[in-house]
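2 protein chains.
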Amino acid sequence: MSWFEVAPGAPFGAEELPYGIFTTPDSEVRRVGVAIGDQVLDLSEMAHSAGLEGEVFQQPTLNPLMSLGPEAWAEARHLLQALLTEESGREIVEPHLRPAGSVQLHLPIEVADYVDFYASEYHATNVGRIFRPGGAPLTPNWKHLPIGYHGRAGTVVPTGTPVVRPNGQRKAPDQEEPTFGPSRRLDIEAELGFVVGVGSTQGVPVGVDAFAEHVFGAVLLNDWSARDLQAWEYVPLGPFLGKSFATSISAWVLPLAALDAARCPLPPQEPQLLDYLRGEVSGYAIEVEVWINGYLVSTCPYASMYYSPAQMLAHLTSNGASLRTGDLFGSGTISGPAAEQRGSLLELTWNGSEPLLLGGEERTFLADGDEVVLRGRAPGGPNGGVIRLGEVSGRITPAPTS
Amino acid sequence: MSWFEVAPGAPFGAEELPYGIFTTPDSEVRRVGVAIGDQVLDLSEMAHSAGLEGEVFQQPTLNPLMSLGPEAWAEARHLLQALLTEESGREIVEPHLRPAGSVQLHLPIEVADYVDFYASEYHATNVGRIFRPGGAPLTPNWKHLPIGYHGRAGTVVPTGTPVVRPNGQRKAPDQEEPTFGPSRRLDIEAELGFVVGVGSTQGVPVGVDAFAEHVFGAVLLNDWSARDLQAWEYVPLGPFLGKSFATSISAWVLPLAALDAARCPLPPQEPQLLDYLRGEVSGYAIEVEVWINGYLVSTCPYASMYYSPAQMLAHLTSNGASLRTGDLFGSGTISGPAAEQRGSLLELTWNGSEPLLLGGEERTFLADGDEVVLRGRAPGGPNGGVIRLGEVSGRITPAPTS
Chain A
0 MSWFEVAPGA PFGAEELPYG IFTTPDSEVR RVGVAIGDQV LDLSEMAHSA GLEGEVFQQP
60 TLNPLMSLGP EAWAEARHLL QALLTEESGR EIVEPHLRPA GSVQLHLPIE VADYVDFYAS
120 EYHATNVGRI FRPGGAPLTP NWKHLPIGYH GRAGTVVPTG TPVVRPNGQR KAPDQEEPTF
180 GPSRRLDIEA ELGFVVGVGS TQGVPVGVDA FAEHVFGAVL LNDWSARDLQ AWEYVPLGPF
240 LGKSFATSIS AWVLPLAALD AARCPLPPQE PQLLDYLRGE VSGYAIEVEV WINGYLVSTC
300 PYASMYYSPA QMLAHLTSNG ASLRTGDLFG SGTISGPAAE QRGSLLELTW NGSEPLLLGG
360 EERTFLADGD EVVLRGRAPG GPNGGVIRLG EVSGRITPAP TS
Chain B
0 MSWFEVAPGA PFGAEELPYG IFTTPDSEVR RVGVAIGDQV LDLSEMAHSA GLEGEVFQQP
60 TLNPLMSLGP EAWAEARHLL QALLTEESGR EIVEPHLRPA GSVQLHLPIE VADYVDFYAS
120 EYHATNVGRI FRPGGAPLTP NWKHLPIGYH GRAGTVVPTG TPVVRPNGQR KAPDQEEPTF
180 GPSRRLDIEA ELGFVVGVGS TQGVPVGVDA FAEHVFGAVL LNDWSARDLQ AWEYVPLGPF
240 LGKSFATSIS AWVLPLAALD AARCPLPPQE PQLLDYLRGE VSGYAIEVEV WINGYLVSTC
300 PYASMYYSPA QMLAHLTSNG ASLRTGDLFG SGTISGPAAE QRGSLLELTW NGSEPLLLGG
360 EERTFLADGD EVVLRGRAPG GPNGGVIRLG EVSGRITPAP TS
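So the protein sequences, as listed, match chains A and B.
Counting in numbering that gives the first Met the number 0, the first sequence tops out at residue 401, every number present.
Counting in numbering that gives the first Met the number 0, the second sequence tops out at residue 401, every number present.
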């Protein structure tokens, strides 16, 4: 299919073409590249000879490219696919390929606002059972709207960034007074993140059917969570320091078009949603694997999410809140119906009561030195094949001593 | 004291010198100005002849100036005060004064992350009494940490921007199902906002004593709130669409140094706080007036706030969350002990049960067309006098019909 041979096991072929920001040992200028096999194609160099408008590729973030809108995104993608499949493209492309191992990847987007949703019914139900045993696991609003909240945009970091264990206040139910110190219940949340390319006007909602006019692509996202800090702080205004110390995303942003073949029906939504959340909505048949220290601990089915990303975006803007290029919203933890499909240690170890065995070691929550990697893949279209998302990893480093 | 005579009733003298961003009919280039009397001093023009490094004043936001740090802020302030008080300054300053009425003011900062706290004991107690009658008005964590949450940075707007009434989901307790439509309980929250100039490193907390090394200045802030949307959505992850449609701030940012004389002791903090929240902390003797349609409805004493801004900042970063230039944090609604000192209509009308009378008209929550203005002032130092904050206003426009 392509003059370019993707090495066996290398993640990205011509169907994916994820964008990222990279530097090289010979130039620390951040610029736009596309991952192809075990290479990175330097678009800042190649744009001119390929007939692409070059300016947006000579930028330190993807935001200028993302702001161009769906027609420009499609045009660039089609051109790149043609260059990589037609023999005539070889001489244009080859001079600008760099071995992936030789480049440094950076945060691909300048994050404007970061919102995190809570869109998995299985996750929300598990959390409700753990924290409110005996009560209704879902709050009364849960099946009427995709619950979400704002997180900290300034602490979104790219894959590979070490995650410092946070200090914070926590009070166990059996303690009289809170104490301050390193979180003892440091957790992950395996999520998909969606990146907004085209902004909107304050006061004007973005309907469910306008999703593809605004959203540029998807990343894998790990919403690191300090459960002990979160439990003590979150009533009544929601999570704050339990989440705000770090959120990791993949360095490669997969264009939405690469996920077209992965679209799938949503689970039934009952009771019927209000009109502003109804339309041509779909889920994605993406599976997200959670690896800790080299052990696969969970495979999370995005297809089981109750709300679609288009519904999340419509809800987010239904009050007139505007979008900006670089807005990022997470799906919330992806958990499926089975125990081995849960996207957080909170659920996988049932609040620490059922430790995981990783090789010979037990884990409830994360230990210093632990490395967590999320990997995602989706069906690749009529001819079979697999679409991969960029992986996101992070290793825990000890809390600072004060 | 000054060759420059501040007109009677004009808000700003040489003790205030708030910074803002403005344009003029003859130049739509956004640039930095200082308010003095009924004039705006164009620093982008004057910087060179005054011996100020000009680049940071020829910018569309205050962020570059704010990033310079406290020494540069003090230097610029002292130079401006000298120019305005010494006769020799007159010929340098006068050519660059513009009548305030002839300029257009803009959002003064590029907001990085926006956090809102909940630091008034009187406000939190009133809210607790209204929503949880019979229960403890304060949650168990309240006196141990300044509760806060992230808001939407992209919908922070400058004074004068019309505020579109949000649509949204709401379900009254006596309704079976939620409905979607214009908020019926649109409210204000009178707050102070603090603007971060100097960022910090992820993983490294900013102690209570480092407040003045990071915070550039203060604004008045109106955290518009749709109480019906908020009530239905906020369990368990906190406020989202009930707040995210708009947050208004004053166009003039008062440098922290202008508030030195307004520092005052905090109320007693019992039980004793954990070490990371203790230090040389103080409150501010600022009073914030709430005007609706020309009627003064409340005068809110900032001196009654339980937590100091330095404690809020230390808490925000205690988990290692980094700061960026342009971070904005609100104090939360400022309410004092007396009924006429409450900073929200929720409290002033006791959840709508005790309407206000504005002239001949009753108000529980805001009606379309209502204009809200917040004005703030503080003691001006040993010689008496008053320091004013920039006012923040907004008028409600009708919800869009869908």
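Keep in mind the hints are simulated off the structure, nothing from the lab.
Take these hints with a grain of salt, some might be off.
[As the list claims (entries may be wrong)] Simulated restraints, written as ranges between beta carbons of each label pair: (1) B:GLY68 to A:PRO24: 28 to 36 Å; (2) A:GLY368 to B:ALA338: 53 to 61 Å; (3) A:GLU279 to B:ARG131: 38 to 46 Å; (4) B:GLU176 to A:VAL203: 41 to 49 Å; (5) B:GLY68 to A:THR200: 55 to 63 Å.
Note that CB positions come from ideal geometry on N, CA and C, so glycine has one too.
Hints and how they fare:
no., hint, result
1, B:GLY68 to A:PRO24: 28 to 36 Å, "33 Å, holds"
2, A:GLY368 to B:ALA338: 53 to 61 Å, "56 Å, holds"
3, A:GLU279 to B:ARG131: 38 to 46 Å, "42 Å, holds"
4, B:GLU176 to A:VAL203: 41 to 49 Å, "26 Å, violated"
5, B:GLY68 to A:THR200: 55 to 63 Å, "36 Å, violated"
In terms of the numbered hints stated before, the structure departs from hints 4, 5, listed from lowest to highest.
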